[in-house]
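Undergrad: Take a look at the letters that make up each chain.
Number of protein chains: 2
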Amino acid sequence: MKTVLIFSGGLDSTVLLYQLLADGDRVLTLSVDYGQRHRVELEHARRITRSLGVPWQLADLSNVGSLLGGSSLTSPEIAVPHGHYAEPSMKQTVVANRNMIMLAVAAGWAISQRADRLAYAAHAGDHTIYPDCRPAFADAMARAIRLADWHEIGLCCPFIHLTKTQIVVRGAELGVDFGSTWSCYEGGSVHCGLCGTCFERREAFQQAGVPDPTRYKSTPT
Amino acid sequence: MKTVLIFSGGLDSTVLLYQLLADGDRVLTLSVDYGQRHRVELEHARRITRSLGVPWQLADLSNVGSLLGGSSLTSPEIAVPHGHYAEPSMKQTVVANRNMIMLAVAAGWAISQRADRLAYAAHAGDHTIYPDCRPAFADAMARAIRLADWHEIGLCCPFIHLTKTQIVVRGAELGVDFGSTWSCYEGGSVHCGLCGTCFERREAFQQAGVPDPTRYKSTPT
Chain L
1 MKTVLIFSGG
11 LDSTVLLYQL
21 LADGDRVLTL
31 SVDYGQRHRV
41 ELEHARRITR
51 SLGVPWQLAD
61 LSNVGSLLGG
71 SSLTSPEIAV
81 PHGHYAEPSM
91 KQTVVANRNM
101 IMLAVAAGWA
111 ISQRADRLAY
121 AAHAGDHTIY
131 PDCRPAFADA
141 MARAIRLADW
151 HEIGLCCPFI
161 HLTKTQIVVR
171 GAELGVDFGS
181 TWSCYEGGSV
191 HCGLCGTCFE
201 RREAFQQAGV
211 PDPTRYKSTP
221 T
Chain G
1 MKTVLIFSGG
11 LDSTVLLYQL
21 LADGDRVLTL
31 SVDYGQRHRV
41 ELEHARRITR
51 SLGVPWQLAD
61 LSNVGSLLGG
71 SSLTSPEIAV
81 PHGHYAEPSM
91 KQTVVANRNM
101 IMLAVAAGWA
111 ISQRADRLAY
121 AAHAGDHTIY
131 PDCRPAFADA
141 MARAIRLADW
151 HEIGLCCPFI
161 HLTKTQIVVR
171 GAELGVDFGS
181 TWSCYEGGSV
191 HCGLCGTCFE
201 RREAFQQAGV
211 PDPTRYKSTP
221 T
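Chains as they are written, first to last, in my numbering: chain L, 1 to 221; chain G, 1 to 221.
The hints are simulated quantities; they were obtained by calculation from the structure and are not laboratory data. Predicted model, so just to flag it, every value in this text is computed and none were measured. We put the CB at the ideal spot given by N, CA and C, even for glycine. Hints should not be assumed to be uniformly reliable.
As the list claims (entries may be wrong) - Here are the simulated distance ranges between beta carbons:
(1) L/L174 / G/L174: 52 to 62 Å
(2) G/E87 / L/G175: 45 to 55 Å
(3) L/R50 / G/M1: 45 to 55 Å
Please model the complete structure; the sequences and the hints are all you need to start from.
TA: Given below as structure tokens:
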């Protein structure tokens, strides 16, 4: 099975990468530069794939981010909200239609590579904030991707009903090097510890009972 | 009705632009640079929208074209095939997943602009060559676009069951300035007259009984 994986260098897609490799897939990874503030994740993606000997490709969509405006992830003038990842303020981190754009570019690359399927690591914890992580969205995209070319590509999102905690458990079973992954929306050299995705990351390790190797700059009070 | 139109500066999307304006829509146009050889169409798009006083936005995806390789539209080393647009050789002009990528970026822009709907001018003549112009593909994308954000965007493709000839008839009724539109895949300063889209354009005017203002460099023998 030849699989293209949308790979951010974050915790979820790294666990999925390990799982696909454990399943014996021939994996090609694609990271997307959409002008994100935490572009540092791309360097983590490059390093992780290099250490695993997996091909890595960067899609440069950095010129497109400004069209999807109004997100703290792409607009330097909008601060990244602090607090729990399920709070309404986290909607400021939505980049309009980001997942469809990434899936579309990755599917195009998968078609040109004659891959069998495309994988991405949307998970259940994302649903309340990110509409484009919902199962119904993934189903519609799976259908569109299958119809987009004479060469049929399947869409695989095995974590869509898992919580982040369950993904950490799965990752621990697979021997994932969690310390090499990047989550924080702020970017920087260490995780801020205060943004929604840092909250979620810390909470997932705690709930999973798995040691958290992450260095956080701050701890919420 | 606030409508984002994917606008190439070609015949089909120009007729659709006139139709939307005639319907009273407030139209925003988006052209996509995907590294196409016939980038000259973007200049035509800019000029047409300026003459009509319609906002025009360019999405720069020129860095992505190389990932969708193997098309004569984006690879200088692959010649644009000459001949009838329904011939199997025309599959060389397929850019992998081009329409999904354009729809995804345009939907993202439409969401950020709080538009009501997204329009594109896929038509029946495209179906045999371009899988991503088929009605079933458009239906799947309509569903995915509706689910992609809390702000719902509709997808409008009113030409999907029309032939190019019918689009020319519609354009003539709407008073479209056909001479300002660009079709040819070769690029250049005048239409080549020999590529698939020049064939289709010439044939559509002939079958519609509408004067063809296009200057073609060559006539097929």
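Undergrad: Would you mind marking each hint as holding or not holding in the structure?
TA: Cross-check of the supplied hints:
Evaluation of the 52 to 62 Å hint for L/L174 and G/L174 yields a pass: the beta carbon distance comes to about 60 Å. Separation of G/E87 from L/G175 is about 53 Å and conforms to the stated range, judged on CB atoms against 45 to 55 Å. Taking the beta carbon of each, L/R50 and G/M1 are about 50 Å apart, inside 45 to 55 Å as hinted.
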